[in-house]
Amino acid sequence: MSIQARFTIHRQEFVLDVDMEIPARGVTALFGPSGCGKTTLLRAIAGMEHCSNGFLQVGDMLWQDGTHFVPPHQRPMGYVFQEASLFPHLNVRRNLEYGIKRVPESERQVSMDQAIDLLGIAPLLNRKTHQLSGGERQRVAIARALAVSPKILLMDEPLSALDLARKQEIMPYLESLHDELEIPLLYVSHVPDEVARLADHLVLLEEGRITASGPIGEMLTRLDLPLAHDSDAAALFQAKVAGHDDQFDLTYLDFPGGRFTVTRKDFPLGHSVRLRVTARDVSLTLERQTNTSIQNIFAATVEEVIPEGKAQVTVRMLCGGVPMLALLTRKSATTLGLKPGKQVYAQAKSVALLS
Amino acid sequence: MLANSDITALIITLKLALLTTIILLVVGTPLAWWMARSRWRYKFLLEAVVALPLVLPPTVLGFYLLVALGPNGPLGSLMLALGGQPLAFTFAGLVMGSIFYSLPFVVQPLQQAFTSIGHRPMEVAATLRASPMDRFFTVAVPLARSGFLTAAVLGFAHTVGEFGVVLMIGGNIPGETQVLSIAIYDHVEALEYSQAHWLSGGLLLLCFTMLMGVYAINRRFSVTPA
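Protein chains in written order, with my numbering: chain Y, 1 to 355; chain U, 1 to 226.
Please note: incorrect hints may appear among the correct ones.
[What the hints assert, rightly or not] Partial list, computed: chain U residues near chain Y (C-beta under 10 Å): (1) H119; (2) R120; (3) V124; (4) L128; (5) A130; (6) R135; (7) T138; (8) V139.
[As the list claims (entries may be wrong)] Chain U is nowhere near these chain Y residues, computed Cβ spacing over 12 Å in every case: (9) L62; (10) P104; (11) S176; (12) E182; (13) E207; (14) Q247; (15) Y252; (16) P256; (17) R276.
No lab work stands behind these hints, which were simulated from the structure alone. Glycine residues also receive a C-beta, built at the ideal position from the N, C-alpha and C atoms.
Based on the provided sequences and hints, a complete structural model is requested.
Rendered as structure tokens:
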């Protein structure tokens, strides 16, 4: 199952020209700076941006080719706009019902109660929309989009109109969507942190063109792409809870390259978590250190070393096949003799648990 | 107080205004919607035509309508060919004249209301499976309700106050085409100031009450911006 899209859209001083194939599962982020065309691309996928010569197939559904064009209201999709865009003449419950009522009963896979529970909006149902906070509005908008039982969920920077506190209020709900629903999600964002938390697959856009596309862990650490050179450049690790240490109150998380030790998180054994290790928090040694306070040490093979300005280098390594980044001074890199193929030990000073 | 002929004039006036308003809402709504949405480059031509009655002397409008509706005019001869009679100096002709005369008062508030809705709510409705017609009636119309109220009241009130067009194409036939504004004129001509007072005062009160109602209700209707 995949999503295939080909669009050429001419706008004033702007051309969107894309040809992509992305997996129709998990979360795919369309990522790029403002004005790169990611919203236009999402709107084209929704059928709201006309493009006469486009092609779009979502799974086994052909939505657009040279002769067919399925209008937006006949596409089984959910769409969340940048601003919640709730209908002001309907209360929260009627906003949710608006979509459900128009979906034939045989096609309803997400019940209204499920949507309400997933987004935690039960207490808001009888409110008027102008009585809601920004975060609440956006949660209602997401529930409303989910309630039409979409085959694909499209989100256009659903958090960008919110302040940090509201973002943190919604993020867990988005993460639970990711974990609990089978519905593929296409998510437009220009915030690296959101992408690192949510996305499984990343499509990089620049000036209306796709510059790269691939699995998130790969894309964040590819040294030929800008993300690995960001000041917050980081690698992601998908790990499973392997055990808890009651004596020191720790949790062990295993991934193919080794074991992370973090302060205790009350997850069941086998629970899958996403970890992030920032490049500046990683130091390298040639031998495994034993007299150190650092718990998270992994054997790694250097893949690539690239200068970062005059004084620093970014090192990309593989630990058990999983890419990892380290930001070092050029002097250290020279002293250690870092070059592709070199065996090293990567020490992670801090590990962030994303989900 | 009111003479019988005055009451007849009042009834004709209200009937004319009501009929005109209903027809204008039916015809003006799709027109206003199209004008609010269309990106046609020559749209301004149509906008100018719709706005003409705002500035044109009613006698000019009335004169052309008279020519068109008369037995030798295009509309009049069409009516004759269809086995009817020319529309000039009939109530039907009056309705037709009023439709042109009050057109901008219905279309402009509707167009403004539709424009201010913006594209977003309609797009949202489309992503929630509503067909174009469905989203027009379930989203655009409710969101434009204050525009509909304004359009209806302005169209009605403006038709009630019509004088020049009626005089030109309706003549002044009591019981058929004599409306209030003309009855008032007749009373003044005949120096019957007391009757003129009654009718004028009544009309003033009616129009003021309707407009007051619109503004009061529109304030309550106003939707808090998202």
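Cross-check of the supplied hints:
no. : hint : verdict
1   : H119 : 9 Å, holds
2   : R120 : 5 Å, holds
3   : V124 : 5 Å, holds
4   : L128 : 4 Å, holds
5   : A130 : 6 Å, holds
6   : R135 : 8 Å, holds
7   : T138 : 7 Å, holds
8   : V139 : 6 Å, holds
9   : L62  : 19 Å, holds
10  : P104 : 10 Å, violated
11  : S176 : 22 Å, holds
12  : E182 : 20 Å, holds
13  : E207 : 25 Å, holds
14  : Q247 : 53 Å, holds
15  : Y252 : 44 Å, holds
16  : P256 : 40 Å, holds
17  : R276 : 33 Å, holds
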